[in-house]
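Line by line, the protein sequences are chains A and B. Positions 1 to 98 (the numbering used here) are the ones given, in order, by the first sequence. Positions 1 to 99 (the numbering used here) are the ones given, in order, by the second sequence.
No lab work stands behind these hints, which were simulated from the structure alone. Positions of the beta carbon are idealized from the N, C-alpha and C atoms, including for glycine. Treat the hints loosely; a few may be bogus.
In silico negatives: residues of chain A with every beta carbon more than 10 Å from chain B [said to hold, decoys possible]: (1) T12; (2) M58; (3) Y61.
Short, incomplete list of chain B residues facing chain A, as computed with Cβ under 10 Å [what the hints assert, rightly or not]: (4) G24; (5) E50; (6) E51.
Here are the computed distance ranges between Cβ atoms for each label pair [unchecked claim]: (7) G34(B) x L4(A): 15 to 23 Å; (8) R36(A) x G80(B): 42 to 50 Å; (9) H31(A) x R33(B): 26 to 34 Å; (10) P29(B) x H31(A): 18 to 26 Å; (11) Y30(B) x G7(A): 15 to 23 Å; (12) G80(B) x V80(A): 47 to 55 Å; (13) Y16(A) x G44(B): 31 to 39 Å; (14) R33(B) x T12(A): 31 to 39 Å; (15) R41(B) x L83(A): 43 to 51 Å; (16) I87(A) x G80(B): 49 to 57 Å; (17) D56(A) x G44(B): 32 to 40 Å; (18) P52(A) x Q71(B): 26 to 34 Å; (19) V9(A) x V83(B): 40 to 48 Å.
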Amino acid sequence: MGGLAAGPVERTEHDYALWEKRVDALMVLLHHKDRRLLTVDELRRHIESLGPEAYDKMSYYERWIHAITETLLERGVISVDELGRKIETIRAREAQRG
Amino acid sequence: MADALPPRFRPGDRVRVREAYPIGHVRTPYYVRGKQGVIERLCGAFPNPEERAYARPGEPLQPLYRVRFLQHDVWSDYGGQSVDVVEVEIYQHWLETAQ
Chain A
1 MGGLAAGPVE
11 RTEHDYALWE
21 KRVDALMVLL
31 HHKDRRLLTV
41 DELRRHIESL
51 GPEAYDKMSY
61 YERWIHAITE
71 TLLERGVISV
81 DELGRKIETI
91 RAREAQRG
Chain B
1 MADALPPRFR
11 PGDRVRVREA
21 YPIGHVRTPY
31 YVRGKQGVIE
41 RLCGAFPNPE
51 ERAYARPGEP
61 LQPLYRVRFL
71 QHDVWSDYGG
81 QSVDVVEVEI
91 YQHWLETAQ
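Here chain B stands alone, though its shape is the one from the complex (with noise of 0.2 Å):
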């Protein structure tokens, strides 16, 4: 089993998703880039996914987290209720402490 990135964030963690556009195949949503949200679980760790995608081994692992923004602070027209969530599974290297 390849090395793995020590986590860098618990649940609970408020952290902003870096806003950033690199080429190459990322899975990044663009709706999140820039947006702050709460860490909601560590999913583990796995290659990263932008250096697989130049056939590299993507290691060591990167840390992949659950991670839950309010709809609202996502869409700026979003027009449903304010505790409705959305998540999405983003690599630690994506991710920063909020202010």
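So here's chain A without its partners, still in its complex pose (with noise of 0.2 Å):
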């Protein structure tokens, strides 16, 4: 964050697991002319705006789907009852996976 010590690049390639690829191309998806469901700016808005704290704990796509999730509630394209009945129903499925 802005002014803070950023410390070393790391300069390796790592692997994105499958849920962080989804996210990228949700964005894709929703930003695309033929919907535009969302703004570069509404992300970055929602991204600014988390505590230092929760900046801090959440991963590069964590932020990123918390930003798409906090964009389609605010403009009704999902319900958050919506959403937290689908959230239930995965934890539910991976219960059972074990």
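Put the two chains together into one complex; each comes in its own frame, and the hints tell you how they fit.
Shown next as structure tokens:
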């Protein structure tokens, strides 16, 4: 974050998890001119309004999915209830898989 | 193409960046707020990102300038040469004529 020591730059390529690639794809599809369901500036606003502790704790794509979710809720593309139910369904599915 | 606001500054004009701290998504870096610099060039006109951050069109388009600051004017403890500069792209509504 602005003004803080950034530390060394990691120069190695790292693999992305499947969910991270999906978040990336989701952003591209929502931003696409045929949909325009999100602006990059909205994403930035949501990421910049994270508290410093949350910002540090979250990974890069965790911040993205947080910002995408906030944007879609604000715009009414998805509802809070819909999101909550979906998360419950996925939790149950993952618990079953062990 | 959306309407653009007419440019108020020309290359060489001395400007001061507004010292303001609005909420939301603002592209003007904290470290140049309240500092004086010189217009280096007009970069074009673009939707206002502060409005785009709230899903509004951000029109009329805001002129965007590249502004050149002396490093010594930006950082009080700058240890480099007196000719060193930093250039930052800043939207017109953040700039006022320097006295």
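Going down the list of hints, with the structure as the test:
1. Distance check on T12(A): its Cβ is at least 29 Å (rounded) from any Cβ of chain B, clearing the 10 Å threshold; non-interface status holds.
2. With a least beta-carbon separation of about 18 Å from chain B, M58(A) lies farther than 10 Å from that chain, consistent with its non-interface assignment.
3. With a least beta-carbon separation of about 19 Å from chain B, Y61(A) lies farther than 10 Å from that chain, consistent with its non-interface assignment.
4. Checking G24(B) against chain A: minimum C-beta separation of about 5 Å stays under 10 Å; hint holds.
5. Restraint check, E50(B) versus chain A: the minimum CB separation of about 8 Å is within 10 Å; hint holds.
6. The restraint placing E51(B) at the interface with chain A holds, with a minimum CB-CB distance near 8 Å, inside the 10 Å limit.
7. Range check, G34(B) to L4(A): Cβ separation about 21 Å, and the 15 to 23 Å hint holds.
8. For the hinted restraint 42 to 50 Å between R36(A) and G80(B), the CB-CB distance of approximately 44 Å keeps it satisfied.
9. Distance hint for H31(A) and R33(B): a CB-CB separation of about 29 Å, consistent with the stated range 26 to 34 Å.
10. Between P29(B) and H31(A) the CB atoms are about 24 Å apart, so this pair conforms to the stated range of 18 to 26 Å.
11. The hinted range of 15 to 23 Å is satisfied by Y30(B) and G7(A), whose Cβ atoms lie roughly 20 Å apart.
12. Between G80(B) and V80(A), the C-beta spacing of about 52 Å keeps the proposed range 47 to 55 Å intact.
13. The beta-carbon spacing between Y16(A) and G44(B), approximately 34 Å, falls within the hinted interval of 31 to 39 Å.
14. Restraint check, R33(B) to T12(A): a C-beta distance of roughly 36 Å satisfies the suggested window 31 to 39 Å.
15. The hint said 43 to 51 Å for the Cβ distance between R41(B) and L83(A), and at roughly 45 Å that hint holds.
16. At roughly 51 Å, the beta carbons of I87(A) and G80(B) sit within the given window of 49 to 57 Å.
17. Between D56(A) and G44(B) the beta carbons are some 36 Å apart, a value that agrees with the proposed interval 32 to 40 Å.
18. Checking the proposed 26 to 34 Å range against P52(A) and Q71(B) shows it holds: the Cβ atoms sit about 27 Å from each other.
19. The hinted range of 40 to 48 Å is not satisfied by V9(A) and V83(B), whose Cβ atoms lie roughly 28 Å apart.
Consistency with the previously given hints fails for number 19 only.
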